Amino acid sequence: MTQAEIKLCSLLLQEHFGEIVEKIGTHLIKTGSQPLRVIANDTGMSLDQVKKALCVLIQHNLVTYQLQKRGFVEYEASCSRVLRILRYPRYIYTAKTLYSDMGELIVEELLLNGKMTMSAVVRKVANRLTETMEDGKTMDYGEVSNTFVRLADTHFIQRCPMAPETTETSDAPPPPVPTLAVNEKDMYVVPNLNLIGKGKRRRSFDDEDDGEHKAKRQKQDADSKEPPPDDGIYWQANIDRFHQHFRDQAIVSAVANRMDQIFRSLPAGYNIVKQILDQYLTLLADDPLEFVGKSGDSGGGMYVINLHKALATLATATQESIVQERFGSRCARIFRLLLRKKHLEQKQVEDFAMIPAKEAKDMLYKMLSENFVSLQEIPKTPDHAPSRTFYLYTVNTLSSARMLLHWCYKSVANLIERRQYETKENKRLLEKSQRVEAILASMQATGAEEVQLQEIEEMITAPERQQLENLKRNVNKIDASENQVDETIFVLESYIESTVKKL
Amino acid sequence: MSGSGKGRGRAAFTFNIEAIGFAKGETLPEVAFKPPPLFPPTDFKPVPLKMGEEEDYMLALKQEFRASMKKMPYFMQKEDENQGIEKYSKKYLQMRKESMEWTPAGGKTKKGKVATPKSNVDVLKKIEELEKKGDEEKSDEEKEKEKDKEGEEEEEEAGNEQEEYDEEEHEEENDYIASYFEDGDDFGAGSDDNMDEATY
Numbered sequence: 001m002t003q004a005e006i007k008l009c010s011l012l013l014q015e016h017f018g019e020i021v022e023k024i025g026t027h028l029i030k031t032g033s034q035p036l037r038v039i040a041n042d043t044g045m046s047l048d049q050v051k052k053a054l055c056v057l058i059q060h061n062l063v064t065y066q067l068q069k070r071g072f073v074e075y076e077a078s079c080s081r082v083l084r085i086l087r088y089p090r091y092i093y094t095a096k097t098l099y100s101d102m103g104e105l106i107v108e109e110l111l112l113n114g115k116m117t118m119s120a121v122v123r124k125v126a127n128r129l130t131e132t133m134e135d136g137k138t139m140d141y142g143e144v145s146n147t148f149v150r151l152a153d154t155h156f157i158q159r160c161p162m163a164p165e166t167t168e169t170s171d172a173p174p175p176p177v178p179t180l181a182v183n184e185k186d187m188y189v190v191p192n193l194n195l196i197g198k199g200k201r202r203r204s205f206d207d208e209d210d211g212e213h214k215a216k217r218q219k220q221d222a223d224s225k226e227p228p229p230d231d232g233i234y235w236q237a238n239i240d241r242f243h244q245h246f247r248d249q250a251i252v253s254a255v256a257n258r259m260d261q262i263f264r265s266l267p268a269g270y271n272i273v274k275q276i277l278d279q280y281l282t283l284l285a286d287d288p289l290e291f292v293g294k295s296g297d298s299g300g301g302m303y304v305i306n307l308h309k310a311l312a313t314l315a316t317a318t319q320e321s322i323v324q325e326r327f328g329s330r331c332a333r334i335f336r337l338l339l340r341k342k343h344l345e346q347k348q349v350e351d352f353a354m355i356p357a358k359e360a361k362d363m364l365y366k367m368l369s370e371n372f373v374s375l376q377e378i379p380k381t382p383d384h385a386p387s388r389t390f391y392l393y394t395v396n397t398l399s400s401a402r403m404l405l406h407w408c409y410k411s412v413a414n415l416i417e418r419r420q421y422e423t424k425e426n427k428r429l430l431e432k433s434q435r436v437e438a439i440l441a442s443m444q445a446t447g448a449e450e451v452q453l454q455e456i457e458e459m460i461t462a463p464e465r466q467q468l469e470n471l472k473r474n475v476n477k478i479d480a481s482e483n484q485v486d487e488t489i490f491v492l493e494s495y496i497e498s499t500v501k502k503l
Numbered sequence: 504m505s506g507s508g509k510g511r512g513r514a515a516f517t518f519n520i521e522a523i524g525f526a527k528g529e530t531l532p533e534v535a536f537k538p539p540p541l542f543p544p545t546d547f548k549p550v551p552l553k554m555g556e557e558e559d560y561m562l563a564l565k566q567e568f569r570a571s572m573k574k575m576p577y578f579m580q581k582e583d584e585n586q587g588i589e590k591y592s593k594k595y596l597q598m599r600k601e602s603m604e605w606t607p608a609g610g611k612t613k614k615g616k617v618a619t620p621k622s623n624v625d626v627l628k629k630i631e632e633l634e635k636k637g638d639e640e641k642s643d644e645e646k647e648k649e650k651d652k653e654g655e656e657e658e659e660e661a662g663n664e665q666e667e668y669d670e671e672e673h674e675e676e677n678d679y680i681a682s683y684f685e686d687g688d689d690f691g692a693g694s695d696d697n698m699d700e701a702t703y
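Chains as they are written, first to last, in the numbering used here: chain A, 1 to 503; chain B, 504 to 703.
Calculated directly from the structure, the hints in this document are not laboratory data.
It is possible that part of the hints are untrue.
[To be verified] What the simulated footprint calls covered on chain A by chain B, stretch by stretch (three residues with Cβ under 8 Å from a Cβ of chain B suffice, anywhere in the stretch; the number is not a length):
(1) 239-250
(2) 479-485
(3) 490-497
[Stated by the list, open to error] Derived DEER-like restraints, expressed as beta-carbon distance ranges:
(4) B/Lys574 / A/Glu377: 34 to 40 Å
(5) B/Ala570 / A/Glu290: 43 to 49 Å
(6) A/Thr132 / B/Pro551: 29 to 35 Å
(7) B/Ala563 / A/Gly136: 32 to 38 Å
(8) A/Gly32 / B/Pro551: 38 to 44 Å
(9) A/Asp135 / B/Lys553: 25 to 31 Å
(10) A/Asn257 / B/Gln566: 27 to 33 Å
(11) B/Gln597 / A/Glu425: 24 to 30 Å
Quick caveat, the model's predicted, so the values are computed rather than measured.
Ideal Cβ positions, reconstructed from N, Cα and C, are used throughout, including at glycine.
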């Protein structure tokens, strides 16, 4: 865990869970797995607070626990999982594109709550959808359940590990920590629920229904005190599946950009004649990008997508673009040259890039100081005398990627800090505008006149309004930037991960 | 014999400087003797942000998500110090916060004792504590029981039942419960689950 990652995690925890959880979460990330009492001692918080914070973190899949051999339980936080919080809007949006509003709300509820039972999710989502519908219409539970099942079938949501069934007649004391496990086969199995019902609005504006509505509401609340039929079966969002989807999207769009000229002449619809399909596949396979490779001739030709290469290419393209935007197109030319030729001497760089020596030197040193390129020494003599050593410039994409990833984390942390600073500076003004809005809303509800409303609106002066506008614009810009930096983080992380794991 | 390099006292490198590209005798670049500036001037301005429907929607999602998280019971706020002026609305905000208070469910069992079923413990606890604590505690324990099952839902129910609870909490401690006779149909049946235990 680098400093930048820890800082970013701490900011994310603080924004979403409050300071107490932030303190404990950050402590766990910094120090690794620790038992309860040590956490309480080190952070100086009361045992109750620590317990509560750990509950919240475990509920949201950010902390896991393990029974150690000596008999005590240790808690461990997952830094990378905390960083995923940055990507939540992207997950929700993806669910929306794939499964429309219902999917979006289901995933949003699961992310908000960490773990939920299916019945709870369905109920909440139906209520929310009902509120957006016209008066009198309600959302049926059946439709929401269907979408839920579809999400489970495509593995976008999965079951959480469950505690094993305990037999009633067990005499031994229960273990200090339940060992949670989930059967691979059951991970996406939806419980057989018969969820019948409709969504409820939170506030009903029908006066006549008010009397019985209250009574009905109380009765329904009494009903909901019983445990739901799928008690104990909790669901969570399957982050890895979303990542798979993003990765596939990225590769497809990269290839599409490449094949753009040919794609335009593509016949409409999927009924591509076999010969044309063959042509495309050969083109793709021969393409220097090497996304698609031919692995044999059985069945007319076996084609495979080279994921490692694809991810590496995406990461490299990102780096190239970063160099271009930071240092200019000439530097980018040198960078691309080095990528292609792997190792070059100073003189060769000047020659191949066709850039005057002085400028080439300047640019190379600038990039060297920022660690985009590195020097490789090749000694001619065993004593490594500098006058008799070759110095070659080279680009190490993996280490470059790691460095850029670190930069990204730092940038996002800076962005969040700046956003919080801006909000804090204008806190008084924000509170004032919220109060005015509340007054306006209540006055409108009780039917006030135009003149009165205008008077209230004028409580906020014109320069203050301007200030508020600026603040809103800045905060939006910063938020949007955070989202976009996260896209780069995703590409770089996928690349680095693919090199680490030997699939 | 021993005067190697350019001459006495002059700086000389141990290698051929032409290898890294500097011509002989050329002025070398400045030596850095302080850390680089915090906000160095850049030659190239950053690329403008991506704009579009997708980005706008995700921005809205992000801000809404953050706002929702702040209202959830998962958000644990540190107690702020008194801000000097006691606001009238503070009392009502406090009510809402307290109705969302929860404690981790399930106590640790001491060595040797088998854990009794949770519901019994809760009922016993309730009977004991009812005489000591007021109505606020009841809502706490209800929430505590259900927190693990229906976390978010509490918030809405609390919102719903807020009106009913508010009445009771505002009142002074007396034996008359305001909503006791308001809903004639539900007298004793289910208007408030803990009613039963209050009558002895």
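We went through each hint and held it up to the structure:
1. Counting residues of the segment 239-250 of chain A whose beta-carbon sits less than 8 Å from any beta-carbon of chain B gives 0, not enough to reach three: the coverage restraint is violated.
2. Counting residues of the segment 479-485 of chain A whose beta carbon lies closer than 8 Å to any beta carbon of chain B gives 6, which meets the minimum of three for the stated coverage.
3. Beta-carbon proximity to chain B at under 8 Å applies to 0 residues in the segment 490-497 of chain A; the threshold of 3 is not reached and the given coverage is violated.
4. The hinted range of 34 to 40 Å is not satisfied by B/Lys574 and A/Glu377, whose Cβ atoms lie roughly 59 Å apart.
5. Taken as a hint, the range 43 to 49 Å holds for the pair B/Ala570 and A/Glu290, whose Cβ atoms sit roughly 46 Å apart.
6. Between A/Thr132 and B/Pro551 the CB atoms are about 33 Å apart, so this pair conforms to the stated range of 29 to 35 Å.
7. In this structure the hint that B/Ala563 and A/Gly136 lie 32 to 38 Å apart at CB is violated, the actual value being about 28 Å.
8. Distance hint check for A/Gly32 and B/Pro551: the Cβ-Cβ separation is about 42 Å, which falls inside the suggested range of 38 to 44 Å.
9. Range check, A/Asp135 to B/Lys553: Cβ separation about 38 Å, and the 25 to 31 Å hint is violated.
10. At about 31 Å, the CB distance of A/Asn257 to B/Gln566 agrees with the hint of 27 to 33 Å.
11. Range check, B/Gln597 to A/Glu425: about 27 Å between beta-carbon atoms, so the 24 to 30 Å window is met.
This entry does not satisfy hints 1, 3, 4, 7, 9, going by the numbered hints stated previously.
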